[in-house]
Amino acid sequence: MRKFIFIFAFFLLGGYSHAETYRFAGGPAGGTFQYYAEALASLALKAELNVKPNSSEGSIVNIRLVNSGKSDFAVAYSGDVFKALNGIFSNDTKKYSNVLAMCYFFSAAAQLIVKSDSDIKSAKELRGKSVGVGNFGSAALASCELFFSEIGLWHSIRKRFDGYNQAEQSFSKGELDAFWIFTGFPNDAAEKAAAHNTIALIDLLKDIQETDMFKKYPYFTKTSIPANTYRGVVTDTPTFQDSALWIVNPRVPAEDVYKFLSIVYSDEGLKFMAQIHPSAKEMSIGNGLKGVVTPLHPGAGKFWKEKGILK
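Heads up: the sequence shown at position 35 corresponds to 35 in the working numbering, and the numbers run straight through without jumps.
Simulated from the structure, these hints should not be mistaken for lab results. Be a bit skeptical, because a hint or two may be false.
The list that follows gives simulated cross-link-like pairs (lysine-lysine, DSS-like), each with its CA atoms no further than 27 Å apart [as the list claims (entries may be wrong)]:
| id | residue 1 | residue 2 |
| --- | --- | --- |
| 1 | K302 | K290 |
| 2 | K121 | K222 |
| 3 | K302 | K215 |
| 4 | K259 | K311 |
| 5 | K129 | K159 |
| 6 | K52 | K259 |
| 7 | K307 | K259 |
Simulated restraints on C-beta separations [said to hold, decoys possible]:
| id | residue 1 | residue 2 | range |
| --- | --- | --- | --- |
| 8 | G128 | G69 | 22 to 32 Å |
| 9 | S156 | I88 | 18 to 28 Å |
| 10 | A274 | V234 | 24 to 34 Å |
All C-beta atoms, glycine included, are put in the ideal place defined by N, C-alpha and C.
Given only the sequences and the hints, what does the whole structure look like? Please build it.
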């Protein structure tokens with residue numbers, strides 16, 4: 001259904017006249033980032049901008065792509081952008097200065113999926129088990145490593161570095177005991193897992209309540225995945241989240257950034273985004289700079305000042 005809506009809207013919006021083709025880095029197939037990249041590329045036509053969406057490994061790779069100029073726009077997590085600008089990535093002290101924020105998109109929650117008939121009721125019970133931890137360069141992998149390191153299990157699980165769709169397939173075939181997702185919900189891969197199996201979500205807050213994780217990483221906040229988000233999961237599941245942001249390379253002209261934001265944050269644009277993915281219901285003028293703790297692009301600064309959000 002979402003694909004039909006996207007294609008229908010693409011042809012409704014008409015052609016573009018802008019000479020340059022901008023590149024928009026999304027995420028793995030089946031992930032929320034890729035839905036956003038494709039939807040925003042469609043809306044760009046309304047602003048007479050030509051934007052090509054490209055899949056990627058996820059947040060950290062997207063930051064590197066934007067910083068290098070290989071992508072002009074991307075989706076990335078606020079925590080990753082903060083670490084990139086300050087040179088505190090794991091095993092990477094480079095400061096990524098060519099990455100600016102445009103706005104907030106949605107909150108991304110950690111989701112650890114197991115089969116409900118397994119004996120795994122806690123993340124700590126995954127010792128020695130096989131876990132899909134996310135693909136290289138993704139925020140899924142970064143957050144998974146952080147979480148399991150905090151509870152002392154990162155080196156005690158058997159890791160599979162798969163994207164969401166591949167992890168779901170391996171999980172459904174019985175090749176994985178669990179898999180990790182870090183994105184908006186509902187997530188397609190998790191929905192497929194629930195369709196093919198009887199699943200459960202692990203309460204992650206229970207496992208980290210004795211750690212200093214929230215003090216060490218202040219961009220994480222507590223949340224819960226509502227009951228019935230996925231088939232068979234009938235109770236709320238406590239977890240933690242980060243904020244997904246729209247990022248941009250500084251070389252993109254302020255005029256184009258301003259026009260792009262103006263189209264996306266029109267009534268029509270916000271309605272369209274909410275049809276593409278439920279997480280986009282969080283998008284609003286009031287939430288425009290939620291979770292943004294790093295510098296804004298000048299075009300975004302102009303837009304949010306006019307909206308009264310930026311002083």
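Verification of the hints:
1. A C-alpha spacing of about 17 Å is found between K302 and K290, which places the hinted pair at or below 27 Å, so the restraint holds.
2. Annotation: proposed proximity of K121 to K222 holds, straight-line Cα distance about 20 Å (limit 27 Å).
3. Proposed proximity of K302 and K215 is contradicted: the alpha carbons are some 33 Å apart, above 27 Å.
4. Between K259 and K311 the alpha-carbon distance is near 20 Å, which keeps this suggested pair within the 27 Å criterion.
5. Straight-line distance between C-alpha atoms of K129 and K159 comes to about 8 Å, which keeps the hinted pair within the 27 Å bound.
6. Between K52 and K259 the alpha-carbon distance is near 17 Å, which keeps this suggested pair within the 27 Å criterion.
7. Between K307 and K259 the CA atoms are separated by roughly 14 Å; this keeps the pair inside 27 Å, and the hint holds.
8. Between G128 and G69 the beta carbons are some 44 Å apart, a value that contradicts the proposed interval 22 to 32 Å.
9. The given range of 18 to 28 Å is respected by S156 and I88, whose C-beta atoms sit roughly 25 Å from each other.
10. Distance hint for A274 and V234: a CB-CB separation of about 25 Å, consistent with the stated range 24 to 34 Å.
Violation of the numbered hints given earlier is confined to hints 3 and 8; the remaining hints are satisfied by the structure.
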